[in-house]
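S.K.: Chain by chain, the residues run as shown.
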Amino acid sequence: MITIKNLSKTIRGNKIIDNLNLKLKGITGIIGPNGAGKSTLMKIIASVEKGDKGSEIIFNNTSNEPIRIGYLPQNFSIYPNLTVYEVLKLLATLKGNFDSAHIEYLIELFNLANYKNKKMKELSGGTHRRVGIAQALLNKPNYLIIDEPTAGLDIIECIKLRNILLTISEKVEDIIISSHLPEDIEYICNHIVVIEKGQKRFEGSLSEMIQRSENLSYEATIELNDLQKLNVIGEIVKIDKISDKLVKVKFITRKPIADHQLYKPVQPGFLGSYVSLLKGEVVP
Amino acid sequence: MINLLQLKSRSLGWLLYLPMAIFVAMLFFIFGIPNNNVNVVIVLLQLTFIPLVCIWTLYLFYDLLGTGNFQYMWLYYKTNIEKILIMFFVVLFIPLISLIIAIEFRFDEFQTLPILMLLFTQCLISAVVSLILFAVFGDVSIPITLIFLYISAELATFGSSKYLYHIFFLNLQESLNFTNTISLALLNLLFGLVGYKIFKLLIT
Numbered sequence: 000m001i002t003i004k005n006l007s008k009t010i011r012g013n014k015i016i017d018n019l020n021l022k023l024k025g026i027t028g029i030i031g032p033n034g035a036g037k038s039t040l041m042k043i044i045a046s047v048e049k050g051d052k053g054s055e056i057i058f059n060n061t062s063n064e065p066i067r068i069g070y071l072p073q074n075f076s077i078y079p080n081l082t083v084y085e086v087l088k089l090l091a092t093l094k095g096n097f098d099s100a101h102i103e104y105l106i107e108l109f110n111l112a113n114y115k116n117k118k119m120k121e122l123s124g125g126t127h128r129r130v131g132i133a134q135a136l137l138n139k140p141n142y143l144i145i146d147e148p149t150a151g152l153d154i155i156e157c158i159k160l161r162n163i164l165l166t167i168s169e170k171v172e173d174i175i176i177s178s179h180l181p182e183d184i185e186y187i188c189n190h191i192v193v194i195e196k197g198q199k200r201f202e203g204s205l206s207e208m209i210q211r212s213e214n215l216s217y218e219a220t221i222e223l224n225d226l227q228k229l230n231v232i233g234e235i236v237k238i239d240k241i242s243d244k245l246v247k248v249k250f251i252t253r254k255p256i257a258d259h260q261l262y263k264p265v266q267p268g269f270l271g272s273y274v275s276l277l278k279g280e281v282v283p
Numbered sequence: 000m001i002n003l004l005q006l007k008s009r010s011l012g013w014l015l016y017l018p019m020a021i022f023v024a025m026l027f028f029i030f031g032i033p034n035n036n037v038n039v040v041i042v043l044l045q046l047t048f049i050p051l052v053c054i055w056t057l058y059l060f061y062d063l064l065g066t067g068n069f070q071y072m073w074l075y076y077k078t079n080i081e082k083i084l085i086m087f088f089v090v091l092f093i094p095l096i097s098l099i100i101a102i103e104f105r106f107d108e109f110q111t112l113p114i115l116m117l118l119f120t121q122c123l124i125s126a127v128v129s130l131i132l133f134a135v136f137g138d139v140s141i142p143i144t145l146i147f148l149y150i151s152a153e154l155a156t157f158g159s160s161k162y163l164y165h166i167f168f169l170n171l172q173e174s175l176n177f178t179n180t181i182s183l184a185l186l187n188l189l190f191g192l193v194g195y196k197i198f199k200l201l202i203t
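So the sequence lines, in the order shown, correspond to chains A and B.
Per numbering that gives the first Met the number 0, the first sequence starts with residue 0, numbered consecutively.
Per numbering that gives the first Met the number 0, the second sequence starts with residue 0, numbered consecutively.
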């Protein structure tokens, strides 16, 4: 478990993170809109950046092994002229723990055998990201921190990468994943943190998150022309087209709904809960 | 560490072959031209190897300073930046020392130690200045441009401009010995060491 106490980060007078207190355990997903402070938080957990004075990050290591952190930044674009194997070898040597058997194991684990001798610049986005996660595991970390694992990937690559992350979750103590995509978090994580403007909106399990917005989610079948009117009442999270004129809409609102014949209460799901949290109050 | 330099040099691309080409060209210049002046050879040696040192150093740390991944790459570099620089200097000095031995073999009036001392301090200061410029601007083209501007200015004025600090020994008349190189070498060494401290301060 990683305990974060009174974490703040100010950059050039702007408060990027504002007094965060978190207990990250298992596979934690940090989700929030762009500019929420996710990447800064990930950098601070990975010891790449420091928090403001008074901030504390405590790694509650259950094993006797020393703390080793593996980190994949949001933008991992290095050594375009080196092959996948060479990049892993170079980074392992730089870290002072070159072990060819471990590199071969990672290549196998991430299904990179066919790309081993391909240059980094020749790889697709998904393969590039897989190499990125493999490099984060070079030092056999007990804490893995991955910033936007599926950034810029197509849906098939996203699914592959999510499966890989689930596989490696058994090999490390805690995984922290940040994403602005709810699907990433819903699929992989058992502990969720929602942040917005550097402040915590929610921390807990998926079921707790859904529970919190249970009475805020509604469904309605309306005419396509009425979509704009619905936008005034709440936030649309899903639209299914029924016919050329009719759509089934799922939306979140905090306003009282009078016409229950037109608007039917439904389970919010992860996306609905997430949207309602972003519109809600700040959790201390 | 040799592994590391091998891999890093692979990322240099065509720049890896440049010292070999310079080495062969210098050998030809030393042995192939009759009635050659040793001072001309020394000037040429400085003017080819020093810019090369700058470019090599820049590309040696390109992943750290030029890819926008500084904070992340620093996790890898923070314990071994000196080791890499020392290894790089050792590797660089193999062709340089070979050329100096060749010059000693060819020219009778040549003194090895002063030129070695001078070249070492010139390599140090030029590498450090390149790194400082790279750390400040974060774009490899800026230090390269500034270095070539400096070398062009030095060459055009043949080291006589009072507005520039002169790291080169550009004298075709006087023979190169301890007396006329020691002050330049010491200054280069001092500025090189101070510069390295500044570079470390900039990146940490």
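Check before you lean on any hint, since a few could be wrong.
So the derived label-pair ranges between C-beta atoms look like this [said to hold, decoys possible]: (1) A/K115 with B/L201: 48 to 54 Å; (2) A/K139 with B/A24: 44 to 50 Å; (3) A/N96 with B/T111: 39 to 45 Å; (4) B/L192 with A/E103: 40 to 46 Å.
Worth flagging that the hints you see were computed from the coordinates, not collected in a lab.
All C-beta atoms in this analysis are idealised placements derived from N, C-alpha and C, irrespective of residue type, glycine included.
S.K.: Does each hint hold? Answer for all of them.
M.R.: Taking the hints in turn, this is what the structure says about them:
| no. | hint | in the structure |
| --- | --- | --- |
| 1 | A/K115 with B/L201: 48 to 54 Å | violated, 37 Å |
| 2 | A/K139 with B/A24: 44 to 50 Å | holds, 48 Å |
| 3 | A/N96 with B/T111: 39 to 45 Å | holds, 41 Å |
| 4 | B/L192 with A/E103: 40 to 46 Å | holds, 43 Å |
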